[in-house]
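K.L.:
Please model the entire structure based on the sequences and the hints provided.
Chain by chain, the residues:
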Amino acid sequence: MQFIIVGIGGQGILFTSKVLGHIALKKGQKIVGSEVHGMSQRGGSVISHYKIGDYRAPLVLKGQADILLAFDQMEAFRNFDFLREGGQAIVNVHEARSFENDSLKTYLSEREIIVHKIKGYDILKKHMNGNFLFLNVLILGAMCGAGLGNVTIDEVKEAITELAPARFRDANLKVVDLGYEALIKA
Amino acid sequence: MSKKAILMGNEAIARGVVEAGCEVASAYPGTPSSEILPAIAKYSDELETNTQVEWGANEKVAYEIALGATFAGKRSCAVMKQVGLDVAADPFMTSANFELNGGFLVIVSDDPGCHASQTDQDCRYFAMYARIPCFDPSDAREAREMVFDAYDVSEKYKVVTMLRPTTRVDHCRQDVELGEVRKLDNPAHFERKPYAGMIHFPARLDRESIPMRNTRYSKIQEDFETAFPKYNYEVPAKGKASLGVIAAGICFSTVMDSLKSLDREDISVLKIGTPVPLPLKMVEDFIARHDKVIVFEETYPVIEMQISDRNSIMGRWNGHVPMERELTIDVIRTYLLKALGEDEASSDSIEKLQQAQKELGLFVRPPRLCPGCGHRPSYSSIRKAYPNAIVCSDIGCYSLSKQQNAIDTIISMGASITVASGMYLAHKADGIGTDRPIFATLGDSTFYHNGMTGLTTAVYNRHAFVLGIMDNSITAMTGGQDHPGTGSKMRKDEEGVIVPLEDAVKGCGVKYVKVVEAYELKNNVQVVKEAWEYAKSDEEPAVIIFRHPCLTKLKVKQEQHLVKVDQDKCVGCRYCIDFFNCPGLAFDEEKKKAYIDERFCISCGVCVEICPVGAIVPVKEDDE
Chain A
1 MQFIIVGIGG
11 QGILFTSKVL
21 GHIALKKGQK
31 IVGSEVHGMS
41 QRGGSVISHY
51 KIGDYRAPLV
61 LKGQADILLA
71 FDQMEAFRNF
81 DFLREGGQAI
91 VNVHEARSFE
101 NDSLKTYLSE
111 REIIVHKIKG
121 YDILKKHMNG
131 NFLFLNVLIL
141 GAMCGAGLGN
151 VTIDEVKEAI
161 TELAPARFRD
171 ANLKVVDLGY
181 EALIKA
Chain B
1001 MSKKAILMGN
1011 EAIARGVVEA
1021 GCEVASAYPG
1031 TPSSEILPAI
1041 AKYSDELETN
1051 TQVEWGANEK
1061 VAYEIALGAT
1071 FAGKRSCAVM
1081 KQVGLDVAAD
1091 PFMTSANFEL
1101 NGGFLVIVSD
1111 DPGCHASQTD
1121 QDCRYFAMYA
1131 RIPCFDPSDA
1141 REAREMVFDA
1151 YDVSEKYKVV
1161 TMLRPTTRVD
1171 HCRQDVELGE
1181 VRKLDNPAHF
1191 ERKPYAGMIH
1201 FPARLDRESI
1211 PMRNTRYSKI
1221 QEDFETAFPK
1231 YNYEVPAKGK
1241 ASLGVIAAGI
1251 CFSTVMDSLK
1261 SLDREDISVL
1271 KIGTPVPLPL
1281 KMVEDFIARH
1291 DKVIVFEETY
1301 PVIEMQISDR
1311 NSIMGRWNGH
1321 VPMERELTID
1331 VIRTYLLKAL
1341 GEDEASSDSI
1351 EKLQQAQKEL
1361 GLFVRPPRLC
1371 PGCGHRPSYS
1381 SIRKAYPNAI
1391 VCSDIGCYSL
1401 SKQQNAIDTI
1411 ISMGASITVA
1421 SGMYLAHKAD
1431 GIGTDRPIFA
1441 TLGDSTFYHN
1451 GMTGLTTAVY
1461 NRHAFVLGIM
1471 DNSITAMTGG
1481 QDHPGTGSKM
1491 RKDEEGVIVP
1501 LEDAVKGCGV
1511 KYVKVVEAYE
1521 LKNNVQVVKE
1531 AWEYAKSDEE
1541 PAVIIFRHPC
1551 LTKLKVKQEQ
1561 HLVKVDQDKC
1571 VGCRYCIDFF
1581 NCPGLAFDEE
1591 KKKAYIDERF
1601 CISCGVCVEI
1611 CPVGAIVPVK
1621 EDDE
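Going line by line, the protein sequences match chains A and B. For the first sequence, our numbering begins at 1 and goes up steadily by one. For the second sequence, our numbering begins at 1001 and goes up steadily by one.
Hints listed in this document are in silico derivations from the structure and should not be mistaken for laboratory results. Owing to the predicted nature of the structure, the values given are computational and were not obtained by experimental measurement.
Simulated crosslink set (DSSO-like; lysine-lysine; CA at most 27 Å straight-line): (1) B:Lys1536 <-> B:Lys1384; (2) A:Lys126 <-> B:Lys1620; (3) B:Lys1511 <-> B:Lys1522; (4) B:Lys1338 <-> B:Lys1260; (5) A:Lys125 <-> B:Lys1593; (6) B:Lys1004 <-> A:Lys30; (7) A:Lys62 <-> A:Lys105; (8) B:Lys1042 <-> A:Lys26; (9) A:Lys30 <-> B:Lys1238.
P.N.:
Here you go:
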């Protein structure tokens, strides 16, 4: 299973791959991935690669990713070419009109890519007083809701509880549910 | 059963350092190496060793501290990024001529692709230059393992030994086995040896040290032919190989996954983990057994260069491997196929995606200062005061002020000050005086790193410019490490002493020092003008310390000032976008108006001062 996680520096992407790795390790799986640190963390495009299984290199080859988690729709458009045929994406959407673009629609349908959209900013504004730092756990919940990544919501919750500071525990778990519900109904 | 954890490459290296019994570790942060030293402290605490772990003010300092500990017989290490070794080159080159008492490891991270660096240099060349051995890990697991062997090599040959990870090893995450600490019975001891020991006089160097170093290097080269079958080995093809690949460091992992994606078993791979000195016989035997051989290594052709007959290999020398850019998995796969004389299956759909990206106005999103960062208004105050000023900048977060068109030069740590001196002298040489304002700007950590020598030189020689110290009271760009100005040490329970910035500046001989709150833009424009007038008239550097804590390290939430862009007043001049460049400010290309992007705005309220027509206004409570 190969993941690509994209967004903008400061959105807390590293934590997402940390959770995925934590779960995989518990299952005795082999993990290798690559993160972005330093300058790129400052508001620029950020990409994290994650491979579970018999791999050695930290980077995912274009056209081979099973799952794309995009914290920002523009970063999704930039990185859709990482997905394999039949790959799936969770995308945080702030402006839905772009998805009506014909070239994009053709690309996605030719490659049989399924895109699960979640209005992350709206959900966090409504339920979390606009604290957008919860985007990472929201996306993880959404991933479980969409049935992707071979992880259950309970595994995600357990991992978050073990990894995140205790004072954010309740809020984190609430947001995981919000993400889960947003996509399970769809 | 052995214990495993998912570690970042840097943590795996740190784990190895502590397990190997290192007792003194020193570093200056620099991406991609920054996480190594804090992880050494963490594992030292967890494994209950008494390892001394400290930040040095710069890499030369860190190197010499670790070296001193080695002179006293301890296992020690110095950690830095590649340009850090440039700073530490002096003690590095000299210490390579010594016979050391304890094991000494210099861990240097290279950054292929220049993700966070000003050069693409390959420090394995440095190892060759100094004639010391170098280990080149292919992943996090191997990096940890190599630390043990590097220490053993260092002690066996009494030689400085280098571990040279690259960004993708430093920042990979991988499941890594955890071990226990090797207990060394190794109390600090330094024996006085007059006319010998750790003193080098030229005559003795020529007669003894340099011949010793050269003989030692030849011996290591001979031994390395067979010493490390676990790092240097062949993954043979099934049947006759249609291609041989020599791959070192991370490139080995990448080649293996590329072959997997291509489903190829007709290619044999020679893995190299000790590129300096290269196990040459092994390599030349491999080359002799294959019709075609391609070499993948980062970032320079260090292995390639050591091969005596390059005619039979495909590499950088004949354009079969690109000379620049990171060798990512996509690049390696492409060049593997080229070497095989095969074509990549092309797909039409990718053109559709590229078309969509164009139509959707996908723009490059370069890194920029955080919303609310104090550096942004500091630079704005300089540019508002003197749009025409020459602003020499430096290495640190504030280099991102390039995005607000605020700075003109960046060279190396501390060079803002010295380059400003040069700019001043160039104008002075013309006899036209100093009518064009000259500024140097650097951060607090960079000032302690390498700013003081330049500043004393400028005071001594009467160089007229204004030095703005962008003081966010932390080493921010690399993730928030402490330095002499914060006084906090690596371990929070160890108490350090603050070296106050103002005192350090005054100690350099500067008479004009002003400390301002970086957010007070309007006031600071006046301070900037006053400082330049002083520098010009008194012919000496004037210093302004622009202070605001780094927002990523803020302990308490700062005051909020909600703002909006008055759509009637906004004239669409883009000044706020092009010259303030905050992620919280966006531009609507259809309406030709700026607006607040509430996804990123943190309501610092500073941008109210920036708009030339006053269109950015505070939100009053009854507005909503």
